[in-house]
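Since the structure of chain A is already known, use the hints to place chains B, C and D on it.
Chains as they are written, first to last, in the working numbering: chain A, 1 to 356; chain B, 1 to 356; chain C, 1 to 387; chain D, 1 to 387.
Read the hints as simulated data drawn from the structure, not as lab findings.
The beta-carbon is built from N, C-alpha and C at its ideal position, and this holds for glycine as well.
Among the hints, a few may not be true.
Unchecked claim - These stretches of chain A come out as covered by chain D in the derived footprint (C-beta under 8 Å, 3 or more residues):
1) 218-232
2) 239-246
3) 282-290
4) 341-347
Unchecked claim - Listed next, with one range per pair, are the computed distances between beta-carbon atoms:
5) D:Arg224 <-> B:Asp26: 35 to 45 Å
6) C:Ser110 <-> B:Asp26: 58 to 68 Å
7) B:Ala19 <-> C:Ala313: 20 to 30 Å
8) B:Phe35 <-> D:Lys120: 39 to 49 Å
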Amino acid sequence: MALDEERLENVRMLRESAAAVADRSDLSRVRAQRFRQPGFDRAVWRQMGELGWLGLRLPEERGGAGLGMAELIALTEELGAALAPEPFISALMATDMLDGARLEAALTGEAVILAAWQEKPRQLDGEVETSFVDGRVSGRKLQVPMALGADAFAVTTPQGVAIVDAGDPGLSIEITPAQDGGHWGTLTFNGARGEPGRAPRESWLDEAVLATAATLLGIIDATLERTVDYLNVRQQFGVKIGTFQALQHRAVDLKQQALLTRASIEDAAAIMDEGQGPAAKAASSRAKARASDAALIVTRQAIQLHGGIGYTDEHDIGLFLRKAMVLAPSLGDSALHRRRFAQFQTQADAKEGLPA
Amino acid sequence: MALDEERLENVRMLRESAAAVADRSDLSRVRAQRFRQPGFDRAVWRQMGELGWLGLRLPEERGGAGLGMAELIALTEELGAALAPEPFISALMATDMLDGARLEAALTGEAVILAAWQEKPRQLDGEVETSFVDGRVSGRKLQVPMALGADAFAVTTPQGVAIVDAGDPGLSIEITPAQDGGHWGTLTFNGARGEPGRAPRESWLDEAVLATAATLLGIIDATLERTVDYLNVRQQFGVKIGTFQALQHRAVDLKQQALLTRASIEDAAAIMDEGQGPAAKAASSRAKARASDAALIVTRQAIQLHGGIGYTDEHDIGLFLRKAMVLAPSLGDSALHRRRFAQFQTQADAKEGLPA
Amino acid sequence: MSASRYTLDDYNALGDDDFRALVRDFLKECHPPELRNPVKRLHWDEAKPWYMELSRHGWLAPNWPKQYGGMGLSASKQLIYVEEFENFGAARTPDHGMMLFGPLLIRYGSEEQKAHFLPKILSGEHIWCQGYSEPNAGSDLASLRTQAVLDGDEWVINGQKTWTTLGGDADWIFMLVRTDPAAKKQEGISFLLVPMKSKGVSVKPIVNLDLQDEFSEVFFDDVRVPKANLVGELNKGWSMAKALLGFERIFLGSPRQSAHAFARLKGLAQHYGVWDDPIVRDRYNQLWLDLEDHKALYERFADILRRGETLGADVSLLKLNQSELYQRISEFMLQIAGEDGGRLEPVDGNADLHAPGIFLTARAATIYGGASEVQRNIIAKNVLRLP
Amino acid sequence: MSASRYTLDDYNALGDDDFRALVRDFLKECHPPELRNPVKRLHWDEAKPWYMELSRHGWLAPNWPKQYGGMGLSASKQLIYVEEFENFGAARTPDHGMMLFGPLLIRYGSEEQKAHFLPKILSGEHIWCQGYSEPNAGSDLASLRTQAVLDGDEWVINGQKTWTTLGGDADWIFMLVRTDPAAKKQEGISFLLVPMKSKGVSVKPIVNLDLQDEFSEVFFDDVRVPKANLVGELNKGWSMAKALLGFERIFLGSPRQSAHAFARLKGLAQHYGVWDDPIVRDRYNQLWLDLEDHKALYERFADILRRGETLGADVSLLKLNQSELYQRISEFMLQIAGEDGGRLEPVDGNADLHAPGIFLTARAATIYGGASEVQRNIIAKNVLRLP
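One chain only, chain A, in its complex shape (with noise of 0.2 Å):
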C-alpha cells in the first residue's frame, strides 16, 4: 500500500509548490477574493496550468502529468489548507470530457472550463436529461462552482459530452453567492450550440469526490493547527487556555478526526490507484462522508474554542467553517456516501467473497 520513492517524491514536490502557489499561513488574497466577481484569480489558474496541476491525473499521451490519487489528495489537500477559491476540481472533472484545442487551453490555464454535471439537489450517480441533439444543447444543470469564471463548459449528457462557451446565446446562468465569498452557477441551456467533447474516465467521479474530501482534509488539519496554536497564546484567569484540561481533551477529539480523515482518504487513493471498482467506489464514499463529517465538527469546535474573536468575521478561523459550510454537501453529504459506501462495500464483499 505505501507508496514507492518516486510517488514520495512527487507527492512532496506537489505539496511544496502548492505552498508556493497557496500559501496556507496568509489568508489575504482569499479575503480579497471573496464576495466578489469572478472571485478567483486568473493569473493563479495560469500558474496552476504551468505547473501542470489541471492536467494531473489525464494520461501523458493526452498531454497531461499521468499522476495518480495519491499525489492528487495530497494537492488537494494544500489547496484546501490555504482555502485557494479557484474551481480546480471542477476544471479537472472538465479536463477528462475535452480534446484538440480545447483541451490544450485548459491544460496550459489558458481557459477556464468547468464541469457540468448535476441536475438534482444531493446526486451523484444516476442517470442525467440534458439533451445534446444535432449540435444543440437543452436542459439544466446545478452547482456549477465559481461559473461566472468559466469560459465554458463541459456538460454530461446521455447523447454524450458537449463543451458549451460560456457566452452562448443558449445559454443562462443564475448565480447563488455562497458562505465561503465564492458561487456557483445554474445553468439553462435552451438550444445551446454545443460542440462534442469526450467521454470521461469510469473513474471520473468518485477521483472528484476524493479530490474534494482531501480538500477537506486540508481544511480540517489548517483549523487544527490554528486551533492548536491559539490555544497556546490566550490566555484567560492569568493562564494559557491551551493548560484546561477539558479544552485539551477536546483539541484530542479534534485530532483523532483529522487523523481518520487522513487514513480514510489515503486508504481510498491507494485502493483507488489499484483499480477500479465496487471497492474504490466504497472507498471514496467511505472518505468523503468522513471528510465531510469531521470537517464541520472541527470547524465548529474551532470556532468555540477561540471564543468571542472566533465569532467575528474579523477572524480568519471563520473563513474554514464557510469553506466546510459548502465543501461538506458538495458532491455528496455524509448522508449520501454513508449510504453509497454500504453499497459498493456491500458489493465489493460479496466479490470476494466475505460473508455480506
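For chains B, C and D alone, coordinates are given in the frame of chain A:
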C-alpha cells in the same frame, strides 16, 4: 403545575419512609438477594403493604391511598436509588386488576400478585392474544419481573382479566436470570384455571411506564451522588481527581441529564395528574425515553469515572449499571417511547389546534 | 405616556390567563407587522416605531415598579409577558435600558439619578448600551482593565469595551470600570454612566460570523464625565451588576431560540423532500423530545421565580442546555439543507428556509453570556461541589 | 520442540501472501476446534493443549529471535501472524511470558537468565504473569509503592499488585518494584522475578463487572527472592518496561475487538427482527464506516513498524479510537437486544447473541492499558504540544 402544600407533605413523607425501608446508602441487602431465588424479601414486601404503598394509586373506596402520580414517582425514585429488588411496579399494575380477598391480600402485602400483560418483546400498546374461556387461560406472557416470588398473576386477555395462581398445574414458568441479580419469568398457560379480575384503569400502563422512568431517575441520582463523592476522594497524580477539569465537565454533563430527567418526569406526573389523553401518554413516553437513555449514559460514565475499581464486581457502582441495563428497555426502550411520544404529542397538539 | 385600553393600574390583579390574553391582544393590535420575526437584531432606526408604541401604552418596562413608570409585573406575569412576546415573534428593541440598567438604577441609584434617567428611557430620549465585556475578559469579567481615575470632579476613562450590543445606536453607556487597580479580582470595579457623544468615545462595529453588525467595540480615550455619574458605592460595581443578573439569567436559558429553530424544521424538511425519511424523522423526534424536556426544565426555574425565590447557581445548566440544544437543531437544519447549506442568502428570500444563517447565528449561543466552558466550571464547583 | 511442516528455518523468506497462507493452514490444522472464539479469557488448564501445540511447532513466540527458539518474524510478518490469529478466532493462551517478559529478558537479561528462563517458557514449564499495576496506581504507574529492600543476598518484597492477568495460573511473576523510595516518579523502580510459590505470596481473584475472573490481586508479605532475580540495571526498571511497550502499544489499538463485535451486529439485528429498520441500518453503516476507517488508521501505524521505525506518542490515538469504537458498537448491540439487554446469560447459549455480555466486557477497554483520560492527556502534551 406546582404541588400544593398537602401533596408536598405526602411526597416528603413517602420519601422518608422509603429511605427507612430501602436505604440508598447501604446495598448489603441488595447484594444478599441477588442471584438468589426469589430474589426479594417477603418481610420488606409486607412492610410495603403496611405503609400503604401497594395501593398507592388505588382510590380510597377500593382500599387504596388514592394518591397521585407526583407521590408515586417520588416513591419509585427512592426505591430506584436504593436498588430495591422488589417487583413493586408490576404489583401496582396487578392491584388495579384485583377485587375482594385477592385485592386485600395484595394490598396488605400478604400475597405477591404480579401483572402478566406483555406477549411480545418491545410491546407496550396493542392487542394481546392469551385467551380466557370457560375459566381457562391459554397463552404466553413475557417479562414478568421476579415471577418466581409471585403467589398469583393478573393476566390480561381479550376476554378480560384472569387471576391465575402461581402453582396452577396449567401454568409453567420459565426463568431468565437478569443482570441486576433478579430474574424475569416467561409464563406459559395451558388451560390454567383463572378467576375473573377487573379491567384496569385506562392510565394503568402509562402510570407503570412513568413509575419505571422514576425508578431510573433514582438510579441516575444515586449513581451521580456516589460518583461525585468518589471524585472528591480518589487521588491520582497526587491530587483529587475531582480537580481534573475534563472529569468535572463530564460530571456536569451527567448532572444535566439527571436534571432533564427529573424535569421530564415531574412534568409528566403533573400532566397525568390533570387527566388522561394523548398529552398524558406523550408525556409518560417522553419521560421514559429520556430516563432510559440518561440512565445508561450516567451509569456507564460512572464506571469510567471510577476507573479500574469500577470494573470490579466488588464495588457497588456496577450494581447501578446492571439495574439500568434491566430497566432501560423494560416497558419500552427509548426508541419505542420516542416514536410513541411523537405519535401522541402530534395528536395532543392537533387537539389544541397547534400546527402539526 | 398616553394611556390606552392596554394601560392598567394593576396588571397583577388579572388572572394569569387573562393577562396572557391581554398580552396577545396587545401584540396583535400594536406590533408593527413588518417587524415580526426579524432575521436579525434591529437597529434603533428600524425598531423605533415599535419602541414608541410600547412607550405610548406604558408597556416598555415590564420589570420596573409602577412608581417609576414600569408595568410593575410580578415574576410570574413577567414570564408570561416574555413568553407571549417570544411566541408572537415580537421584535426586540434596544432594551438594555429597560432590562438591565433600569433595575440597577432603581436599586442602587440616587433619587436624583432615578428622576433624571428613568423617564428619558421610557420616552425614547435615551437609548442605553452596556459596557461590560472587554477584549481580554470575555468570560472572565473580573479581569477587566478599562480604568477610571478621579481627576478633581471628573472621572477620566481609558480603555476598551467589546461585544456592546447596538453600541452605535446608543446615547449612553452604563459600564463597569476599574477604579482600584490594586484590588484583586472582582474588587475595585465601579459602575459609571457615560454619554456616547463624549469627547474620546469612539465606536467600531463588529461584523459577526453571520455578517450582521449588532455588536460593536467602544473605545475610551481620556473620556471625562462628572463624578456624579458613579452609580452606587465606589468599588462595588461588580456585586451590583451581579445582583441584577438573577432575573436575566433565566432568559439566557429560555426555550425561545431552540423553539424558534425547531418550529422551522418540519417546513425545511418538507422543502427539501426529506420529511418522510425515517432517519430524518427519528432525529426530529429526538430534538422534539429534547425541546419539550428543556421547556419542562425552564418551568422548574420559572417556578422558583414565581415563588419569589432566588435562582441558584444551577440556572447555569439551563443556559448551557438551551444553547447546546439550539446548536444541535441548527446543525440538523444544515444537514437537511444539503448543498443549500452553503448558500449565503435565503432561498427565495425566505428566512425560515435559511439553514446556514440559523446555523451561523447559533454559534454565538455557547460563547456569549458566559461560554459553555465557564458555565461548566461554575456548575462543577457551585452545584456539584467538586474541588 | 518437535518439528513439523509448519516449522521453518526462515519464515521471513516467504512472501507475505505465502506466509499468510501458512498461518491459515496452521490454524486450521492445529487449533483445537473447541477453543475457537472463546467467550472469556481461558485459564491455563483450559488453554494448555493449544499452548503445547504451539510449542510443538515452534510457533509460541513469533516475536523472539530464532536463536532463542522464537519464530524471529519481521514486524510485517508479526502483524500477519496476529491478524490471522485474530481473524480465525484463535484462543489466547497465558502469553505474558512470550509477549512481554521474553522480549524484555532478551534485551536486558543476563546470559544466565536467558538460558535459564526462556526455554522453560517455550516448554510450558513456566507460566508467567505480570505485576505492574497497583491499587492506587492504575493509570499512574509511576506512583507504585510495592517495595523491595535488599537484605543480604535477598530482596524482601512487600506490597500489592492488582489487575494481574491469570495470576492464579502463573508459576512466576515479573514485576516492577520500588527499590529507591527517595527517588521521585519513574526513577527508583526495578524489575524483579518472583516465583509465585514463594512464601508470602498470595493471590486473590478479582471478579469483573462481567463476572469473569481473569484478573487477580497479588499480595507480597516479606517475600524473599535471590539478589540475582533482578533483571537489568537497578532502578532502571521503568525505562526498560517502557521501552518494551512499543510493539505492544499497537496491539491495544488493533481493530480485533471492534471487528469481532461488529461482525455480530447483523446477525443480532436479524435475530431481533430490526435489520430492515432504516434507523438501525443507518447506525450500522456509521459504525461500519468507523470500523473501516479505524482499520485504515491501524494500517498507518503498522506501516511504521513494517518500515522498522518506532511508534510515536500518537499511537495512543489508535488505542483511544479502538476502545471507544468498541464501546459504541457494544452500546448499539445492547440497544438492538431490547429487553434481552438485561439478560445475565446468552440467549440459547449463543455467545454471538449476548449483547449485555459484550457491552459489559467493553467497559474495560477505556480503562485498562491507560485510561482514555490519561491517553488524552498524553496526546495533548506529546502530540498536540499543548502546555
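Hint by hint, here is what the structure shows:
Coverage of the stretch 218-232 of chain A by chain D holds in this model, with 3 residues showing a Cβ closer than 8 Å to a Cβ of that chain against a need of three. Three residues within the 8 Å Cβ limit are the bar, and the stretch 239-246 of chain A against chain D gives 4, so the coverage statement holds. Requiring three or more residues with a Cβ within less than 8 Å of a Cβ of chain D, the coverage given for the stretch 282-290 of chain A holds, as 3 such residues are present. Counting residues of the stretch 341-347 of chain A whose CB lies closer than 8 Å to any CB of chain D gives 3, which reaches the minimum of 3, so the coverage claim holds.
Checking the proposed 35 to 45 Å range against Arg224 of chain D and Asp26 of chain B shows it holds: the Cβ atoms sit about 42 Å from each other. About 60 Å separates the C-beta atoms of Ser110 of chain C and Asp26 of chain B, a value consistent with the hinted range of 58 to 68 Å. Restraint check, Ala19 of chain B to Ala313 of chain C: a C-beta distance of roughly 26 Å satisfies the suggested window 20 to 30 Å. Distance hint check for Phe35 of chain B and Lys120 of chain D: the Cβ-Cβ separation is about 41 Å, which falls inside the suggested range of 39 to 49 Å.
The structure meets every hint from the earlier list without exception.
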